[in-house]
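Enquirer: For the record, the sequence lines run as chains X and H. In terms of my numbering, the first sequence opens at residue 610 and continues consecutively. In terms of my numbering, the second sequence opens at residue 33 and continues consecutively.
Honestly, the hints are just simulated from the structure, not real lab data. Quick reminder that beta carbons are idealized off the backbone N, C-alpha and C, glycines included. Misleading hints may appear alongside valid ones.
Said to hold, decoys possible - Short, incomplete list of chain H residues facing chain X, as computed with Cβ under 8 Å: (1) 202; (2) 210; (3) 215; (4) 220.
Claimed, not checked - Here are some, though not all, of the chain X residues that point toward chain H, as calculated from beta-carbon distances under 7 Å: (5) 687; (6) 693; (7) 695; (8) 697; (9) 707; (10) 711; (11) 924.
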Amino acid sequence: MSITVKQVSKSFGSFRALEHVSVEVAGGSLVALLGPSGSGKTTLLRIIAGLEVADSGTVLYEDEDVTDAAVKDRNVGFVFQHYALFRHMTVFENVAFGLRVRRWPRKRVKERVGELLRLIQLDALAGSYPSQLSGGQRQRVALARALAPEPKVLLLDEPFGALDAKVRQELRQWLRRLHDEIHVTSVFVTHDQEEAFEVADRVVIMNHGHVEQTGTPREIFERPANPFVMDFLGNVNVFHGHVVRGRMKAGSLEVDYPAHPHDEPRPATAFVRSHELDILRTPNGRSSLEGKIMHLSPAGPVVKARVFAADFGIVLNVDVPRDRYAELGLEVGDTVYVAPRDVRVYLQDYII
Amino acid sequence: MSTPEKTNPRSDPRWVRVALIAAALGVIGVLIVIPLVDVFVEAFGRGLGAYWQTLTGDADTQAAIRLTLTVAPIALALNLIFGIAAAWAISRFRFPGRTLLTALIDLPFSVSPVVAGLIFVLIFGLQGYLGPWLRAHDWRIIFATPGLVLATTFVTFPFIARELIPLMEAIGADEEIAAASLGASGWQLFRRVTLPNIKWGLVYGIILCNARAMGEFGAVYVVSGHITGRTDTMPLRVEKLFQEYNTPGAFAVASLLASLALVTLAVKTALEWKTRRDLAEAARLRSEGDAA
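Next comes chain X alone, as it looks inside the complex (with noise of 0.2 Å):
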């Protein structure tokens, strides 16, 4: 079941939530929505459920216009960021749920229940009330409500929000494991990219009710579209200075821009991920830059180091590998040349 939102646009009084935005979700696809809080993700994951109502634009289930649909009618299983189980209802209750409302035969209810709660492990627990859950197990208790129906859609809006890190970490590959084995087509809402890009094939990266970038996490990782992406997966150092004729300069930092081979000198900023910096005891031919070791965080699969280029006057984030780090012997204080392996220029015609 594929999704297909066009020409979405939804305002809240004046505030502008989504303009004009257009998502594609291949059917039995994990599409993750990744954005700031405030870029409109969680507002075009409601449209897509009915629990909105956009102000204009379309929204399509396969060839289906849904646009104006009540939610009750257009079979999707929606996870809650703060799981919303029902109280009062033991878990076996809260995930017949669905099924009771749609008047299934108790022998087929009690079969489809049994079926889930195996599903997510919590089959011991069947006649808790939701109080006595952990965090962990009631979000697993809400994903099965929501898949009990079978829903053509299922959508989950923050859906690990409220755990802990390493609850998190486990339930994310387990809802992947879960999407392998039953293929529904869902989309998620999440404002982690580490998350979005574990658990998703296709990530659409939101910002003030824009999408910025669509594909999978390789290609967002590999060509951010734009500098407001590049900045937003986050780990790089920024370097404002101008393109002219083919170069991009900026200090001592020269690298090669063909898409401007102008006279004319243009403002443009630079990013250098952390780890394609490299550190070095000595100047070599490529730009680098002079700086100044200021703080070494050696616990960790990489040491980060933090440097300070006197040039530019601003910190740099560099990530070195444990070998190196040991090789080189650095110590706080060490003055040091700081090359980029890689480097993506923005014209800047665009503010983050």
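Got chain X; can you put chain H on it based on the hints?
Expert: Then chain H, alone, in the frame of chain X:
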């Protein structure tokens, strides 16, 4: 410091505590306990047989009891429908005039019941706005049961709504939205999700509303017209018996109302305890949900 007598720095001196407790108990004793006991002493003073005879032997007293048992349930049913509708509207929707509606629900609490009664006389009475029309169609409202129902409903109007609004706001609409997303119709959603969540608050509102409906005097006094055996409710009957120097009769009926009050108080206390627990539970579930 080595004082032999330990004093708790956070509490007042002993004599202050004793004086305050004595004053509180004294006031409660004089204003509440003694009168209440007195009602029963006066009612049962001549023995159970005489008490029973007083209640059952007088046809007018019987009529008053029947009338109260007719008017109170109707008023209660009307307020039940209105209260749930108002609480739903106020706690689930944002609409212009919402604050005004919330304030208006409280109006019967702040208006003197006598004024409330007069308003109905002014509207439905013979000289009132609708009087001639009602008379032409041979409908009696004032000085008849419909007037009593109207006045009682007006006065007891806030109890159920006031009880439900804070409860429904605390519980929130999340579960109802979830139910809708699972395909529940409006009625299924109300019956299976909302009602079980608010049931104790609702029962509490019903108990209070009923107690007030049965005990209402002022508004009913104005609209009843005091027709013995026809429009006298129990409180009106008590007053009339008392004015006729029929003290045993007055206290016998009064004892029924007092018993109702005691039962209400007991149920109310039990429910308050339960509702508080439900509210705490709602708050706990929410805060756990919010803890990231």
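Enquirer: Give a verdict on every hint.
Expert: Hint check results:
1. The beta carbon of residue 202 of chain H is not positioned within 8 Å of any beta carbon in chain X (closest approach about 12 Å), and the interface hint is therefore violated.
2. Against a cut-off of 8 Å between C-beta atoms, the interface hint on residue 210 of chain H holds, since the closest Cβ of chain X lies about 4 Å away.
3. Restraint check, residue 215 of chain H versus chain X: the minimum CB separation of about 5 Å is within 8 Å; hint holds.
4. With a least beta-carbon distance of about 5 Å to chain X, the hint placing residue 220 of chain H at the interface is held under the 8 Å criterion.
5. Look at residue 687 of chain X: its Cβ gets to within about 4 Å of chain H, closer than 7 Å, so that hint holds up.
6. Interface restraint check: residue 693 of chain X against chain H, minimum CB-CB distance 4 Å, threshold 7 Å, status holds.
7. Proximity of residue 695 of chain X to chain H holds as hinted, the smallest CB-CB distance being about 6 Å (cut-off 7 Å).
8. At a threshold of 7 Å, the smallest CB-CB gap from residue 697 of chain X to chain H is about 4 Å, leaving the interface hint in force.
9. Given hint, residue 707 of chain X at the interface with chain H, holds; its Cβ is 4 Å from that chain's nearest Cβ, closer than 7 Å.
10. With 7 Å as the threshold, the beta carbon of residue 711 of chain X comes within range of chain H, its nearest partner Cβ sitting at about 6 Å, so the hint holds.
11. The criterion of a C-beta within 7 Å of any C-beta in chain H is not met by residue 924 of chain X, whose closest approach is roughly 28 Å, and the hint is violated.
Violated hints, listed in ascending order, are 1, 11; each of the other numbered hints is respected by the structure.
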